[in-house]
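Here the structure of chain A is known, so what remains is to put chain B in place on it, guided by the hints.
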Amino acid sequence: MAKQILTTTVVGSHPRSPDVVDAAHKLNDKKIAPADYKKLVDEATKVCIDDQVRAGIDIIADGEQGREDMQVFFAERLGGFQEGEWVRIWGNNYFRKPIVADRIKFKSSMTLEDWRFADKYMKESEKKFKRTGVQMKQMFTGPYTMADWSFYESHSSRRDLTLDLAEALAKEAKELDKAGCPFIQIDEPALCTHPGEEEMELQREALATITKGLKAYTAIHVCYGDFGMLFPYALDFPVDLIDLEFANNSFRTLDVLRQYDFTKDLGFGVVDVHKKEVESVEQVKKNIRLALNFLKPEQVYPKPDCGLKLLPDEKTAFLKLKAIGDAVKELREEL
Amino acid sequence: MVLTASFGSYPRPDALREYQIKAYGRQKKVDHIQTKEDEAMLVKAMQEVVGDRAGLDIITDGMITWDDYLASAAASFEGVKMGGLIRFYDNNTYYRRPTIVGDISCKKPVLKNNLDLLKKLNPGAKTKAIVPGPYSLYCLSEDKHYDEPEECIKALSKAIEAEVKTLDADYIQIDEPSLSYEIDRDLFPAVNAELKKLTKAAKGKTIITTYFGDLSTCIKEIMELKADYIGIDCVSFEGNYETLVKSGIKNVQLGLLDARNTKIEDEVRMKDRIEMLDSGKLILSTNCGLEFLPRKYAMRKVDMLTKLGSEE
Chain A
1006 MAKQILTTTV VGSHPRSPDV VDAAHKLNDK KIAPADYKKL VDEATKVCID
1056 DQVRAGIDII ADGEQGREDM QVFFAERLGG FQEGEWVRIW GNNYFRKPIV
1106 ADRIKFKSSM TLEDWRFADK YMKESEKKFK RTGVQMKQMF TGPYTMADWS
1156 FYESHSSRRD LTLDLAEALA KEAKELDKAG CPFIQIDEPA LCTHPGEEEM
1206 ELQREALATI TKGLKAYTAI HVCYGDFGML FPYALDFPVD LIDLEFANNS
1256 FRTLDVLRQY DFTKDLGFGV VDVHKKEVES VEQVKKNIRL ALNFLKPEQV
1306 YPKPDCGLKL LPDEKTAFLK LKAIGDAVKE LREEL
Chain B
-15 MVLTASFGSY PRPDALREYQ IKAYGRQKKV DHIQTKEDEA MLVKAMQEVV
35 GDRAGLDIIT DGMITWDDYL ASAAASFEGV KMGGLIRFYD NNTYYRRPTI
85 VGDISCKKPV LKNNLDLLKK LNPGAKTKAI VPGPYSLYCL SEDKHYDEPE
135 ECIKALSKAI EAEVKTLDAD YIQIDEPSLS YEIDRDLFPA VNAELKKLTK
185 AAKGKTIITT YFGDLSTCIK EIMELKADYI GIDCVSFEGN YETLVKSGIK
235 NVQLGLLDAR NTKIEDEVRM KDRIEMLDSG KLILSTNCGL EFLPRKYAMR
285 KVDMLTKLGS EE
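Quick note, the sequences are listed as chains A and B, same order. The opening position of the first sequence corresponds to residue 1006 in the working numbering, with each subsequent residue numbered one higher. The opening position of the second sequence corresponds to residue -15 in the working numbering, with each subsequent residue numbered one higher.
For reference, chain A alone in the conformation it holds in the complex (with noise of 0.2 Å):
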């Protein structure tokens, strides 16, 4: 991937549009025809695209319309996992907490679809907009956190389990790779809440199984903890970027990341996604010029914290995207 000086991105998801959600429980009903939810989907994710690429985002994302949840995306598409039952999550909030009954199976890609028709969509938007040279990336849940978030039967370990995730999600990998993704993102939110060198090794080892001969550009995402647990380990991890949360902690995390020697790239998190509030441009470039205090240019992508589903609505998360670009093209100009 061509390098460039505050390469901008985003974690993966947009708001979920509303007829979406309406259409996914339509579908769970059985009241609406796969297909129809699908074009609904489609429209969606153009939207998401069309709202990264005006901002100025110049790796992006499909907003990830089409999945209900990282985890039972996933879990409803590869072998091994039985559907689960209803577990809370928060608040009045639930999930059908996956259970993995068997071996992992890899049985077909269960991204590339989405990135093919975003990918292709994505040179539309740029004509419609005057952009070039952006680029779609694809994010899947990587297998520390996938066996984390999971029940399990079959295995011996919650290590085992992570490790026969890893097999079959290299196999994903592998699939976005030889279609052209140039970008490949692994998300790991459960990483941060088992403290150890132990933990840190899985993580490695997993990553080592599914980043080995990609040509593609690859990164881990990790959210919501205390990250300095991950260091120094998580330096050695085999990808390119490592993308953090920092808004949310008030950049607390460069603390941390200053003790090292910092030779991979940052996905530096530069306006919060769990505040409505929309960050200004003069906030924003404030917030990347902490990173560029001790990292290159070159070594830091600024992004939202997480990704943005989190937002109220799609018009607040466009504003976010719009400060990062915004205060991206005027820094790229003062540097």
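Among the hints, erroneous ones may be present.
As the list claims (entries may be wrong) - Each computed DSS-like pair below joins lysine-lysine, with the alpha-carbon atoms no more than 25 Å apart:
id : chain 1 : residue 1 : chain 2 : residue 2
1  : B       : 6         : A       : 1314
2  : B       : 92        : B       : 138
3  : A       : 1280      : B       : 13
4  : B       : 210       : B       : 138
5  : A       : 1281      : B       : 65
6  : A       : 1280      : B       : 65
7  : B       : 13        : A       : 1281
8  : A       : 1044      : A       : 1031
9  : A       : 1320      : A       : 1280
Derived from the structure by calculation, the hints contain no laboratory data.
Okay, now just chain B, sitting in the frame of chain A:
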């Protein structure tokens, strides 16, 4: 003597889950006023969670209205506002983080209501009420008011004590997961002093529980705790059971069964563990609340507990 106990939380029955989503949306507001329909649904749900656990010697109200897990208790305290969502320990579950913005007090204890309902529906079995420990509640919160952590812990403890004094249960369980999850040795003397006040204020027998953490990091402090029973999670960390055996602690609420995974434990292995502990004062339980499991699987764990208890 070996007793069996519900740890605390229990999965909400389908009808309650569906009702709550319909009536309150995805998150019930802090100032929501209970309606008659709410009460009727609660009674029905409580009947079901009591029925599911009828084989146990000691049961709880299932904590079926604790939307923010242990932090829920702080929602009714003066001086506390419920903030943004944050992860509940190492689980993929989230709670609104209590933000302490003023002097903490508990003017209207609320935990008594569900306990009274439990007693009414379940006149036979022994009852257990759950309160959060002051250290865990401090760790789960964001303090923007007090100058020193000790002051905040003391204030939280006083508010919890107001709840404890209203709880007429056979057992009072003080949940302190943070003691094993993230112990702060400098704060421990102050925490222990507050825990002593709480156990003294309790009308029933007392249990101080630790869970989710590595017992070896805090066993010295755990051995200093004074309560009728100490709750130990023998699942979350591989070596916790061995650490417990070595410690010589005998008055244990033994968290033998995994309440965070559906897999049913090997019965022979569980019996060996009970025997090896060689305790004359033992309560068998899961390692934490069963709410982390779907109800069908929670019932299987209850059946296993009942079986283990009946054979000891």
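Cross-check of the supplied hints:
Taken as a hint, the residue 6 (chain B) and residue 1314 (chain A) pair is honoured in the structure, with Cα atoms around 22 Å apart against an allowance of 25 Å. Under the criterion of a C-alpha separation no larger than 25 Å, the hint pairing residue 92 (chain B) with residue 138 (chain B) is consistent with the structure, at around 18 Å. For the hint pairing residue 1280 (chain A) with residue 13 (chain B), the CA-to-CA distance comes to about 18 Å; that is within 25 Å, so the pair holds. Pair hint residue 210 (chain B) plus residue 138 (chain B) holds up; C-alpha atoms about 18 Å apart against a cutoff of 25 Å.
A C-alpha spacing of about 19 Å is found between residue 1281 (chain A) and residue 65 (chain B), which places the hinted pair at or below 25 Å, so the restraint holds. Using a Cα cut-off of 25 Å, the hinted pair residue 1280 (chain A) and residue 65 (chain B) holds, with the two alpha carbons roughly 17 Å apart. For the suggested pair residue 13 (chain B) and residue 1281 (chain A), the alpha carbons sit about 19 Å apart, so the restraint of at most 25 Å is met. Of the supplied pair hints, the one linking residue 1044 (chain A) and residue 1031 (chain A) holds, its CA atoms being roughly 14 Å apart against a limit of 25 Å.
Pair hint residue 1320 (chain A) plus residue 1280 (chain A) holds up; C-alpha atoms about 14 Å apart against a cutoff of 25 Å.
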